[in-house]
Amino acid sequence: MSEQVHNRLAMVRAERKVSRQALAEAVGAHYQTIGYIERGQYNPSLDLALRIAEFFDLPVEALFSLRPFRPLTDEVYGRKQ
Amino acid sequence: MTTTGTTEQARRTRYDERMFAIMNDRTAAPLYATAARRRAAVAAHVALTAATVAAGAGMYVTDTPWLAYVMLALVAPWCLATGVINGATRGLLELRTHALDERQLAERDRVRAQAHRLTTYLLAAAVVCIAAGKWFGHVQAGTLLVPVLVAVFVAHWLMPMWVAGLAVRDEPTEEQEEL
Numbered sequence: 184m185s186e187q188v189h190n191r192l193a194m195v196r197a198e199r200k201v202s203r204q205a206l207a208e209a210v211g212a213h214y215q216t217i218g219y220i221e222r223g224q225y226n227p228s229l230d231l232a233l234r235i236a237e238f239f240d241l242p243v244e245a246l247f248s249l250r251p252f253r254p255l256t257d258e259v260y261g262r263k264q
Numbered sequence: 006m007t008t009t010g011t012t013e014q015a016r017r018t019r020y021d022e023r024m025f026a027i028m029n030d031r032t033a034a035p036l037y038a039t040a041a042r043r044r045a046a047v048a049a050h051v052a053l054t055a056a057t058v059a060a061g062a063g064m065y066v067t068d069t070p071w072l073a074y075v076m077l078a079l080v081a082p083w084c085l086a087t088g089v090i091n092g093a094t095r096g097l098l099e100l101r102t103h104a105l106d107e108r109q110l111a112e113r114d115r116v117r118a119q120a121h122r123l124t125t126y127l128l129a130a131a132v133v134c135i136a137a138g139k140w141f142g143h144v145q146a147g148t149l150l151v152p153v154l155v156a157v158f159v160a161h162w163l164m165p166m167w168v169a170g171l172a173v174r175d176e177p178t179e180e181q182e183e184l
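Protein sequence lines, in the order shown, are assigned to chains A and B.
Remember, this note's numbering sits 183 above the position in the first sequence when you count from 1.
Remember, this note's numbering sits 5 above the position in the second sequence when you count from 1.
Don't read these hints as lab results, they were simulated from the structure.
All C-beta atoms, glycine included, are put in the ideal place defined by N, C-alpha and C.
Accuracy of the hints is not assured; some may be wrong.
Stated by the list, open to error - Chain B residues, not near chain A, derived (Cβ > 10 Å throughout):
no., residue
1, Tyr20
2, Ala26
3, Ala48
4, Ala56
5, Val75
6, Leu98
7, Pro177
Claimed, not checked - Between beta-carbon pairs, the in silico distance windows are:
no., chain 1, residue 1, chain 2, residue 2, range
8, A, Gln204, B, Arg44, 20 to 30 Å
9, A, Asp240, B, Leu127, 48 to 58 Å
10, A, Gln204, B, Ala38, 13 to 23 Å
11, A, Gln204, B, Leu110, 13 to 23 Å
12, A, Ala193, B, Asn29, 18 to 28 Å
For reference, chain A alone in the conformation it holds in the complex (with noise of 0.2 Å):
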């Protein structure tokens, strides 16, 4: 089973426009967890995780994956993989 949990959290977080204070501040969170979730240094819980894809409004498996995120524009272009 996979260690790392995969996230596209900055990604989205700079769509938003959202700072990583605002976003440590909404879920309850220090800004540097966030940064470091950011980083893969931290794998949030199941309860932090769920929070941040609430603020969000996506589901969480839109943000955390055990698996690597297929870039965007893939997704979006239908590229294959």
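Based on these hints, arrange chain B on the given structure of chain A.
Okay, now just chain B, sitting in the frame of chain A:
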């Protein structure tokens, strides 16, 4: 986007908010921005603590009152070094449990476990040294008792802070002011 704060956040008092603000004050950030600077701060703190304990022990063993002035002179730089380490750890060991998030709580547990292990080794070393001194060096164990107990107590008290100071990772790049 919705706010999804936790019940832990709701439990924070004004004291917690004040302490959180102090521990997360970035004014002194250049002092602990790199791993080398954090190591230097911890080394300075260990040295200042050792000097203070040595001065206290010297005062006790040799009955030299002026060593109290040495101890007093060491207090200010010791407090400064403590502040640098607390700033680097963002108050990991100073803030109350409900002022820390899940990553910080896990980090604090790791730090305490490692500090406990190191303190155990230190206590074992102290026991061996005193026993060896008594058996081979004809040292009066009673004379050493108070200074050694004080040194071990101080090490036990401060070891988590030293371990936490060394365990701090570099700040994630791309700060919030960018957005």
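Cross-check of the supplied hints:
1. Every C-beta of chain A lies more than 10 Å from that of B:Tyr20, the closest at about 18 Å, which supports listing it as non-interface.
2. Taking the minimum C-beta to C-beta distance to chain A, about 13 Å, the non-interface status of B:Ala26 holds against the 10 Å cut.
3. With a minimum CB-CB distance of about 24 Å to chain A, B:Ala48 clears the 10 Å threshold, and the non-interface call stands.
4. B:Ala56, annotated as away from the interface, keeps every beta carbon of chain A farther than 10 Å; the closest lies near 33 Å.
5. No Cβ of chain A approaches the Cβ of B:Val75 within 10 Å, the least distance being about 38 Å, so the stated non-interface status holds.
6. Every Cβ of chain A is farther than 10 Å from the Cβ of B:Leu98; the closest lies at roughly 15 Å, confirming the non-interface assignment.
7. With a cut of 10 Å on Cβ distances, B:Pro177 falls inside the contact zone with chain A, its closest approach being about 3 Å.
8. Take A:Gln204 and B:Arg44: their Cβ atoms lie about 28 Å apart, and the range 20 to 30 Å holds.
9. The hinted window of 48 to 58 Å between A:Asp240 and B:Leu127 holds, with their beta carbons roughly 52 Å apart.
10. Checked against the hint of 13 to 23 Å, the pair A:Gln204 and B:Ala38 passes, with Cβ atoms roughly 18 Å apart.
11. Separation of A:Gln204 from B:Leu110 is about 20 Å and conforms to the stated range, judged on CB atoms against 13 to 23 Å.
12. For A:Ala193 and B:Asn29, the Cβ-Cβ distance of about 22 Å falls inside the hinted range of 18 to 28 Å, so the restraint holds.
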